[in-house]
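Asker: Work the whole structure out from these sequences, hints included.
Protein chains: 2
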Amino acid sequence: MADHSIILEKTLTKLLGEKKYTSLRDILITMNPSDIASVFETLDEDRIPLLFRLLPKELAAETFVEMEPDNQELLIRGFSDSELKEIVDELYLDDAVDLVEEMPANVVRRILAQADPDTRKSINELLRYPENSAGSIMTTEYVTLRPAMTVGEAILRIRRTGVDKETIYTCYVTNNRSLVGLVTVKDLLLAEDDEIPVQNIMETHVISLNTMTDQEEAARMFAKYNFLAMPVVDTENRMVGIVTFDDAMDVMEEEATEDIEIMGGMSPSEKSYTRATVWDLFKQRIPWLLLLMVSATFTGMIITSFENALAAQVALTAFIPMLMDTGGNTGSQSSVTVIRSISLGELEFRDLPRVVWKEIRTAVLCGIVLAVVCFVKILLVDKLLLGNANITVWVDLVVSATLAITVLLAKAVGCTLPMVAKKLGFDPAVMASPFITTIVDAMSLLVYFGIAKALLGV
Amino acid sequence: MADHSIILEKTLTKLLGEKKYTSLRDILITMNPSDIASVFETLDEDRIPLLFRLLPKELAAETFVEMEPDNQELLIRGFSDSELKEIVDELYLDDAVDLVEEMPANVVRRILAQADPDTRKSINELLRYPENSAGSIMTTEYVTLRPAMTVGEAILRIRRTGVDKETIYTCYVTNNRSLVGLVTVKDLLLAEDDEIPVQNIMETHVISLNTMTDQEEAARMFAKYNFLAMPVVDTENRMVGIVTFDDAMDVMEEEATEDIEIMGGMSPSEKSYTRATVWDLFKQRIPWLLLLMVSATFTGMIITSFENALAAQVALTAFIPMLMDTGGNTGSQSSVTVIRSISLGELEFRDLPRVVWKEIRTAVLCGIVLAVVCFVKILLVDKLLLGNANITVWVDLVVSATLAITVLLAKAVGCTLPMVAKKLGFDPAVMASPFITTIVDAMSLLVYFGIAKALLGV
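Respectively, the protein sequence lines represent chains A and B.
Residues 7 to 464 in the numbering used here are what the first sequence lists, from first letter to last.
Residues 7 to 464 in the numbering used here are what the second sequence lists, from first letter to last.
There could be a bad hint or two in this list.
You can't tell identical chains apart in this list, so a pair holds if it fits in one copy or across any two.
Said to hold, decoys possible - List time: in silico SDA-like cross-link candidates among lysine to any residue, alpha-carbon distance up to 20 Å: (1) Lys63 / Tyr231; (2) Lys91 / Asp104; (3) Lys192 / Gly158; (4) Lys428 / Asp357; (5) Lys171 / Thr190; (6) Lys230 / Ser278; (7) Lys383 / Ser301; (8) Lys364 / Ser301; (9) Lys171 / Lys192; (10) Lys192 / Glu159; (11) Lys192 / Gly168; (12) Lys192 / Glu64; (13) Lys230 / Glu47; (14) Lys63 / Asp95; (15) Lys230 / Glu259; (16) Lys192 / Arg163; (17) Lys230 / Asp256; (18) Lys230 / Ala67; (19) Lys230 / Glu260; (20) Lys289 / Arg367; (21) Lys127 / Asp95; (22) Lys429 / Pro359; (23) Lys63 / Gln78; (24) Lys16 / Glu89; (25) Lys383 / Gly393; (26) Lys289 / Asp87.
Everything labelled a hint here was simulated from the structure, so no lab data went into it.
Owing to the predicted nature of the structure, the values given are computational and were not obtained by experimental measurement.
Answerer: Listed below in structure tokens is the structure:
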């Protein structure tokens, strides 16, 4: 795919240089809008408007939607009012709303000025829904049918009004704007008789979204039910829009990326890595690094307060990194698993006791195996093979026992914190590796020195 | 959703106890197959077959597909041959293949015995495609049209043959089994004249998958192009199947979960957390914990070899956890970002120099800010506020300088390793926090003691 686009980029640049516009157009119209947009990303800015103007109207609008915001802005600034109007007229409403949300105020004013009054009104209504709600990602362009229409009439209505709809395959049956059922084009086409009324074949138990449903929840419902589109209703069950599967896919991808970024100790970003500047990356990363660095003061304080113990048993220091890392790793395993399950809607707060119980049993298994392997490894490798005379069997025992207890604590903390965070209304993903590591570090050191005191008397 | 299912579970159990089968059936037929399957998960095993038999044939098959493998097996073992045949006949081919892949051998033999010979042949063919390939997730039930058919004839063909097809909305135009174009039902319905031949309105630049295309790549193409379905062709461009958007969504979700699990230092699992046993979790987690624990031997060796330095400057030990953690955190930030970008298809190996350059600049910014804040914090908090007399300005300088250099190294390693892993054919996700932490730990300690030797002369 990527190599293909390099060849294409070269060909297009060459043809542009030679002003072979007919050939250029011939190549472009064979391409998918999404691919044209990708190629535009790789071109010099001043070539984009020229190439864009070669596209036929519909393909131009479709390509425009797929472009990155900075290129969209570049194009709009170069458009005449009538060119802008042509594009805005071709856009689906949800895409127009996305565009308005991305553009600076003066560009937005121009876009709204060119939209026809109805579209302008709809855009303004959609803009009022909170970010990340089903209302904010829905479109109002769908096919409605009436219950008493026959199958034949329904098909005729789709043929007449379908051209501007985002999907025609799921049609919604409404009565006084109230959603009473849905019927698919498959149902209509496969109906035995064109004279049957729609209400006889429609599905009346419709699963719908509310305008305020979180977009993540909406995406989960798409993944669960495999719907092509879902109706969005307001609090009085009046149908106000639809969300289509492609929007749900985008949300799924975004939400997974967001979770992964937060789990990696970063603020989530809407920009892709390739588009993010160094400054963007810096802003996304530095707050967490600072917070976590400063909170490591506690581990420092713990070590300082046990300085005498460490001086008496110099071998103890060497195992601090291993104990901290294993604690951190085992804690992240639990937190990452639980965070993902929460994201997929599999776990709720009331599952906490069951989760803790499962994690504790897993921790006991992991802890025993790790402690035994660790004990043998220290004895054979560190003491005998590497000849570290400071390591006694008692030191080995302290390290291995600490390891077992740390694993237990780490898994308990790792599975609990994300669920508590969720309950308190925070993003559970915050409670992943970096945070868990900081907490587990302090715990493992306290356990380490506690056991060292008890067994070694330091 | 979940609370709703508790109420439903109670109602259904009550009605079952009272043997009110007509009411039970009336409730079930209003429900979505996916929801019925969820409710079944919560019921006692012996009640499932009874409830399942209340479902009408088609709903029964749809529900069956949504159920977890253990419940499917339970049902099949209770089915008579004719009951099993009814379900198998109703299944789409890709679902039948999934089922065969999940069931134990003796159950598979029964399923194949009940399938009609054509289905059996198709199942066996699909089973031959490698796991995770487009071939393995495709279905062979799609609508084909011939180029010379008119729009009217095409619609008639869909009405006649559509009932068993997984989707009718995208129809594929073939000539001697070779894929020559596609036409959507929307195109057909909105065509101005029923007499136009399909070849005049069909899209001829069809983006297709190969049977061997990786399913992750296939899912990415769905997310990019927003297709409802994509055709799958063999090496000779002969059409052999289609993949639909719902399969792509499942793959996206699975692949994101897999990446997150691997990044969290676990082997990926096909079972959801709620279904995984303690033993499953143990097996998924212990290999990585052991590997990482043993590899921490190196950090231990480094510390041991600098024991004298640590004894001379006791204050140095207290900052080891902070340096290691910050290094680990900053390295994971880079690795996680790069891993996700690779998964989304945004980065390739040839982008490595660009990525490293971006990360180094980000690292310089982060490193300077962290080092300055760290220097001031140690001076004000650790030395003045907590009164640690062992901390000199020189010690503070050693720690802060180490921090800056560690951040730089960690980001360079964090962004490079996933890309190198990908190039070498490994899963880049392996190069996330746990691994990066282990490597960065060793590096930061070496830098720490190196600088300490130079500046403090220990």
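Asker: Are the hints correct? Go through all of them and say.
Answerer: Hint check:
1. Lys63 / Tyr231: Intra 35 Å, inter 19 Å, cutoff 20 Å: inter-copy only.
2. Lys91 / Asp104: So Lys91 and Asp104 pass the 20 Å test inside one copy only (17 Å; across, 49 Å).
3. Lys192 / Gly158: both (13 Å within a copy, 16 Å between copies)
4. Lys428 / Asp357: within (12 Å within a copy, 37 Å between copies)
5. Lys171 / Thr190: Both, since 14 Å and 14 Å are each at most 20 Å.
6. Lys230 / Ser278: between (27 Å within a copy, 14 Å between copies)
7. Lys383 / Ser301: For Lys383 and Ser301, only the inter-copy Cα distance (11 Å) is at most 20 Å; the intra-copy one is 32 Å.
8. Lys364 / Ser301: neither (30 Å within a copy, 28 Å between copies)
9. Lys171 / Lys192: Answer is both; intra-copy 17 Å and inter-copy 10 Å each pass.
10. Lys192 / Glu159: For Lys192 and Glu159, the Cα distance is within 20 Å both inside one copy (15 Å) and across copies (16 Å).
11. Lys192 / Gly168: Classified as both; 15 Å inside a copy, 8 Å across copies.
12. Lys192 / Glu64: Between copies only: 16 Å across, 27 Å inside.
13. Lys230 / Glu47: Between copies only: 15 Å across chains, 35 Å inside a chain, cut-off 20 Å.
14. Lys63 / Asp95: Intra 10 Å, inter 47 Å, cutoff 20 Å: intra-copy only.
15. Lys230 / Glu259: both (15 Å within a copy, 11 Å between copies)
16. Lys192 / Arg163: Answer is both; intra-copy 15 Å and inter-copy 13 Å each pass.
17. Lys230 / Asp256: Result: close both inside a copy and across copies, 16 Å intra and 9 Å inter.
18. Lys230 / Ala67: between (32 Å within a copy, 16 Å between copies)
19. Lys230 / Glu260: both (18 Å within a copy, 13 Å between copies)
20. Lys289 / Arg367: between (40 Å within a copy, 13 Å between copies)
21. Lys127 / Asp95: within (14 Å within a copy, 51 Å between copies)
22. Lys429 / Pro359: So Lys429 and Pro359 pass the 20 Å test inside one copy only (14 Å; across, 43 Å).
23. Lys63 / Gln78: Classified as within: same-chain Cα gap 16 Å, cross-chain 51 Å, threshold 20 Å.
24. Lys16 / Glu89: Answer is neither: 28 Å inside a copy and 61 Å across each miss the 20 Å cutoff.
25. Lys383 / Gly393: Classified as within; 13 Å inside a copy, 39 Å across copies.
26. Lys289 / Asp87: This pair counts as neither: shortest intra-copy Cα distance 37 Å, inter-copy 64 Å.
Checked against the numbered hints listed earlier, the structure breaks hints 8, 24, 26; every other hint is satisfied.
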